[in-house]
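One line per chain: the protein sequences are A and B, in this order. If you're matching positions, the first sequence starts at 1 in the UniProt record's numbering and goes up one per residue. If you're matching positions, the second sequence starts at 1 in the UniProt record's numbering and goes up one per residue.
Because the hints were derived from the structure by calculation, they are not lab data. You may find that some hints are simply not true.
Repeated chains share a single entry, so a pair holds when one copy, or any two copies, can fit it.
[Claimed, not checked] The list that follows gives simulated cross-link-like pairs (lysine-lysine, DSS-like), each with its CA atoms no further than 30 angstroms apart: (1) K43 x K180; (2) K7 x K89; (3) K89 x K15; (4) K7 x K180; (5) K180 x K65.
Protein chains: 2
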Amino acid sequence: MAEHTIKAFDQEMDKLRGLIAEMGGRAESAIEKAMLSLQRHDKALAAEVVADDKRIDAIEAEVEKLAIEIIALRAPMANDLRDVIAALKIVGVVERIGDYAKNIAKRVPLIAANQRTQEPIALLPSMGQVATEMVQDALNAFAARDADLAVAVVERDTVVDDFYNSVFRTLVTFMVENPKTISECAHLLFIAKNIERIGDHATNVAEMVYYAATGQTLPDRERGGAQSQED
Amino acid sequence: MAEHTIKAFDQEMDKLRGLIAEMGGRAESAIEKAMLSLQRHDKALAAEVVADDKRIDAIEAEVEKLAIEIIALRAPMANDLRDVIAALKIVGVVERIGDYAKNIAKRVPLIAANQRTQEPIALLPSMGQVATEMVQDALNAFAARDADLAVAVVERDTVVDDFYNSVFRTLVTFMVENPKTISECAHLLFIAKNIERIGDHATNVAEMVYYAATGQTLPDRERGGAQSQED
Chain A
1 MAEHTIKAFD QEMDKLRGLI AEMGGRAESA IEKAMLSLQR HDKALAAEVV
51 ADDKRIDAIE AEVEKLAIEI IALRAPMAND LRDVIAALKI VGVVERIGDY
101 AKNIAKRVPL IAANQRTQEP IALLPSMGQV ATEMVQDALN AFAARDADLA
151 VAVVERDTVV DDFYNSVFRT LVTFMVENPK TISECAHLLF IAKNIERIGD
201 HATNVAEMVY YAATGQTLPD RERGGAQSQE D
Chain B
1 MAEHTIKAFD QEMDKLRGLI AEMGGRAESA IEKAMLSLQR HDKALAAEVV
51 ADDKRIDAIE AEVEKLAIEI IALRAPMAND LRDVIAALKI VGVVERIGDY
101 AKNIAKRVPL IAANQRTQEP IALLPSMGQV ATEMVQDALN AFAARDADLA
151 VAVVERDTVV DDFYNSVFRT LVTFMVENPK TISECAHLLF IAKNIERIGD
201 HATNVAEMVY YAATGQTLPD RERGGAQSQE D
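With the rest of the complex left out, here is chain A (with noise of 0.2 angstroms):
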C-alpha cells in the first residue's frame, strides 16, 4: 500500500477499534444492569437493559459496514485483512454477548418479587459477576492485543462452567423441594444458562485475540474461534 492510504487504513483500524470497544463497555453494563434487575426485581431496569440492545445493534451494523468499506477501498493484504476479519468476527460475538444480557432481563417480569425466589436467585450474581470479568478482561487483551490476558480469560472459562453445574444441581434439588417454583427457577435455569455463555463468549473473543497476537491457536481445547461450543 502506499503511504497515504497505510495511514487511511490505520485511521480506519484505529475507528473500528474504537467502536468495538465502546461496544463491549455497553456489552457489560448490560450484563451488570442485567444482573442487578433481576436482584432487585426492577422491571424498569429490565425493559432499559431490553430498550439499549438495539444500540449494541446498531454498532454492529456500523462496524460491518466500516470493515467491507475498509476490505473495497484500501484492498488490505495479508495480515492486515485477517485484522479486518478478526474485527468482524469479534464484534459478532460481542453483539451476542449483549444479546445474552438482553434475554437474562426478558425473564425478569416472569419472576414474581416474592420471598420463595430470593434463595434460588441469590445464587446468580456471583457466576455473573465472574462472567462480567472475562467479558472486561478479554476486551481489554483485544485493545491491547495482550496475548497473556487472553490466556488468563481462557483459563478462567472453566470456573464458570463450574458454577454453572452447581447451579444446575441446587436448583434443581430446590425444584424438587418447592414445586411451586418449578416455573421461576425454570427462567432462572436459562439465566444461568446465558451466564455461563457469557463465559464461553468472552472465551472466544480471547482466544481469536491470541491468535491475531500470536498467530497461533491455543492448545488444549478442540478448537478456536466463535463456534466452538454448543451455541
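Given the structure of chain A, go ahead and fit chain B onto it with the hints provided.
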C-alpha cells in the same frame, strides 16, 4: 474486473456455495439424528452427532479461508463483495445450527431410558420437524436465491415460537406433577429451547437470503441479520 478474473471469481463463488450447501446438508442431518437419538434413547447415535460436528466446523473454516482468499485475490466490488460477506455470515449461522443439534445430542445420555420421561419427550419431535424443514427451505432459498421461499421461512418462525411456549408450559406442569423427573425435564426444556433457536437461525439465514436477492430488508421485524434474536 477483467474477464478471466470474473470467471475465476464466479468459479470460486460456486465452490463457496457448494461448501455451504454441503454444510447445510450436514446440519439438517445432525438435527434429524439428534431428535431420533432422543426418541430412541440411542446414545451411540447421539455420540455420532457430536463427533460429526467436527466436520461441520472444518467446512466453516474452509469457507472462511476461501472467502478471505477471494477478497484478497479478486478484490470484488460492491454487489460481489456483499455476496462474499453474506456467504461468510450465513456459514456462521449454519455452524451454530449444527452446534444446537450437537447440544441436543449431548443431553441424550443425561435422560434415562425409562417410561417416566416418555410422555414429555413425545412433545418434541414434531417441533424438531418444523425446525428442520425451516433449515432445509432456508438453504434451498439460499441455493436458488429465492426471495419468496425466504419469506415463507420467516413467516414460519412464529410456528416454532408458539410450539416452544406450549412445550415450556406443558413441561413445567409435568414437572410439578412428577417431581422425580425434574432433572430430566430440565434437560428437555433446554432441548426445546435449542430447537426454537434452530428455527430462529433458519429465519436469520432466510432474512440474509432475502436481502441478498432483493437489496431490501423484510418489514415487520425488529432488524434483519443473524443476531436479532436473544442469542
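Numbers of unmet hints, in rising order:
4, 5
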